Amino acid sequence: MSQADIAMHGAGQHGPGVMAEPAFSVPSKKMAMWLFIIADSATFAACLVAYGFLRNATPNWPTPFAFSPSIINAMVMTFILITSSLFMLLGVRAAKAFDKTAAFRWTMLTALMGLAFAGLHLREWMGMIDEGVRMFSNPWGSSLFGASFFAVTGLHLSHVVGGVVALIVVGIRYKGGRYNADDLEVLGLYWHFVDLVWMFVVPSIYLLNVKK
Amino acid sequence: MMVDITKAPDVKPGEPAVQYRDSLGKYIVVYIVILMIAASQFAVAYSSADVTAMFGRMLFLALAEAGLALLFFMHLWAEKRTFFVSIAVFTLFVLGAMQYGWTDAFRTLVGHAPYSTTETQPTNQQ
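As they're listed, the protein sequences go chains A and B.
Start counting the first sequence at 63; every next residue gets the next number (this note's numbering).
Start counting the second sequence at 2; every next residue gets the next number (this note's numbering).
Check the hints yourself; a few may be wrong.
As the list claims (entries may be wrong) - Partial list, computed: chain B residues near chain A (C-beta under 8 Å): (1) 36; (2) 39; (3) 92.
Stated by the list, open to error - Taking lysine to aspartate or glutamate and the EDC-like style, the derived pairs with C-alpha atoms no more than 16 Å apart in a straight line are: (4) A:158 <-> A:102; (5) A:162 <-> A:245; (6) A:158 <-> B:23; (7) A:273 <-> B:51; (8) A:158 <-> A:244; (9) A:162 <-> A:244; (10) A:274 <-> B:51; (11) A:91 <-> A:244; (12) A:91 <-> A:245.
Hints were generated in silico from the structure; no laboratory data involved.
What you are looking at is a predicted structure, and each value in this text was computed from that prediction instead of being measured.
We treat Cβ as the ideally placed atom computed from N, Cα and C, and that holds for glycine.
In isolation and in its complexed conformation, chain A is listed as follows (with noise of 0.2 Å):
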């Protein structure tokens, strides 16, 4: 008997092995994922807080969004990344049922979704900077407010893109079976963060500097 096999499954009479079932009952890629998650969400409450400490100390801070389109767009986006939640549950489900198909079929319903939240976002962008606005000026008041704006939802952008190219990927190779459904589930925990954060960052960023 190796060490190895000691280690995990005991020696016969001097009881269970050093290494019995993994702390919490939760596999290694998925604490990995929650690891990930915890720094994650400390890195966007870092870049918020930032933000909420500009904002609060600056006497000048514009509030451009109007209603039409600004506020509107934010809706839609929500509603888009709420709903690519729910389709990427539903995809994980149907992955530990193992109904294949129906599980790679959510995932790209969920992929999809990303797209059209990012394209969105990217408009969204367009038309600011076509109404001025800069990493460090803009027509409305603090200069800041520019470099805070495109940090806080450039980064979350960037998550959702990373999250698209992931579930693509991990997608199609679930569906040739190089993946099981526990990759599809660590990659929903991950995409169900993208969602979370942007719960926090709507009111942030957007809510709190309508145009009334």
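Based on these hints, arrange chain B on the given structure of chain A.
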């Protein structure tokens, strides 16, 4: 009989947590509730409250949304309780510890943060 609070209801020894055997209807209800909370955030934005009250209400609603997404969409509720508690305590500690700068934000609101003037022209014009 004592209930082992460290285990989620459907976690059997040696099996992974999160069995996905519960009904889909529950998740549809959670989805609709999250949408309603998001809609109420937009309604709060157009209320007549001042910025501080508005921020407090929106933060409360965002935390409710995030909590529902974490517990049900990310299945944290179905994991072992010790895992759930470990994640919650650690994450909340880190997020709470980041909030130390708010008193300074209020101080600079009076004294102005750097680059926060409305002037767009260079100040050394003759």
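Subject >> Non-conforming hints, listed in increasing numerical order >> reply: Hint check: 4 fails alone, others pass.
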